[in-house]
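S.K.: Note that the protein sequences, when read in sequence, are chains A and B. Going by the numbering used here, the first sequence opens with residue 1, and the numbers climb by one from there. Going by the numbering used here, the second sequence opens with residue 1001, and the numbers climb by one from there.
One or more hints might be untrue.
Distance condition first, Cα-Cα at most 25 Å in a straight line; then the derived DMTMM-like pairs of lysine to aspartate or glutamate [stated by the list, open to error]:
hint, chain 1, residue 1, chain 2, residue 2
1, B, K1096, B, E1054
2, B, K1020, A, D10
3, B, K1047, A, D10
No wet-lab data here; the hints were simulated from the structure.
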Amino acid sequence: MNQEYNPSGDFVARVMDAVQAYERSKAPFRERLGDHPFIRYILVLSGALFGVFQAVSAF
Amino acid sequence: MKSDTRTAVLAAHDIRTKSKFREYAESILWAVVLVLIIRGAVVQTFKIPSGSMENTLLVGDFLLVNKFLYGIPIPFTDYRLPRLRSPGRGDVIVFKFPGDRSKDYIKRVIGVPGDTVEIRDKTVYVNGTPYLNPHEIHRDPRILSGKSDLRDNYGPVTVPPDAYFVMGDNRDNSSDSRFWGFVRDTDLVGKALLKYWSWDKETWKVRWNRIGRVID
């Protein structure tokens, strides 16, 4: 390596972001879908609604 | 690749794997917390399995019950947070059945603390005045004497403090305060608000005209 080259402080972080983005792009569609936060919010909301609307008997 | 860079790549991959599991676990936990808060302190849903409140509530009606109007109960205690108001005459309330607190009942409040309740030949008198409930129905033309049955002739009784006298709207087919006494304030669950679903299992049809109706 060129001894005069001084990488920036966030060099490793930027490289890691690029590596992770590349890995995500290679992941199957199902796995990529599960990573999307919108899907998790939908699951939380639908689970909560199902729990709320599960009715108890009142005689 | 230098060993420290390789270590950083592997570590980053591990972090991503752990975060995904943790994020899903946190999402599930949030859903559970939301359900507990909403059902415990805001609204809870109930379904009607009997006809004791006909025609106000039919078998197959699903309703929302306000949990905070009469004070949110503090779990595992008999205490409640401050209430907006107490049950009034005519309120349709859900409560823990005094004979079996694992069961929830729904009836209409007829007498509040201090009221004198009497029934003479099916007519309800509260504090000496006939209590006119437009929702009550009588399907049995017979009038039973108070000696054999308390259904049509009852009392007079005075409602104790922190208790309520309740009756079903289907007066001739309702197990209520006439037979098992008063409902304690600590057994209140909430006030019935509206019907959000209604399914007639005999005809296998949705009763669309009942959905969204306020319970009064």
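S.K.: Would you mind marking each hint as holding or not holding in the structure?
M.R.: Hints, verified against the model:
Between the alpha carbons of K1096(B) and E1054(B) the distance comes to roughly 20 Å, so the proposed pair stays at or under 25 Å and holds. At most 25 Å may separate the alpha-carbon atoms for a hinted pair to count; K1020(B) and D10(A) meet this at roughly 24 Å. A distance of roughly 59 Å separates the Cα atoms of K1047(B) and D10(A); the hinted pair therefore is violated under the 25 Å criterion.
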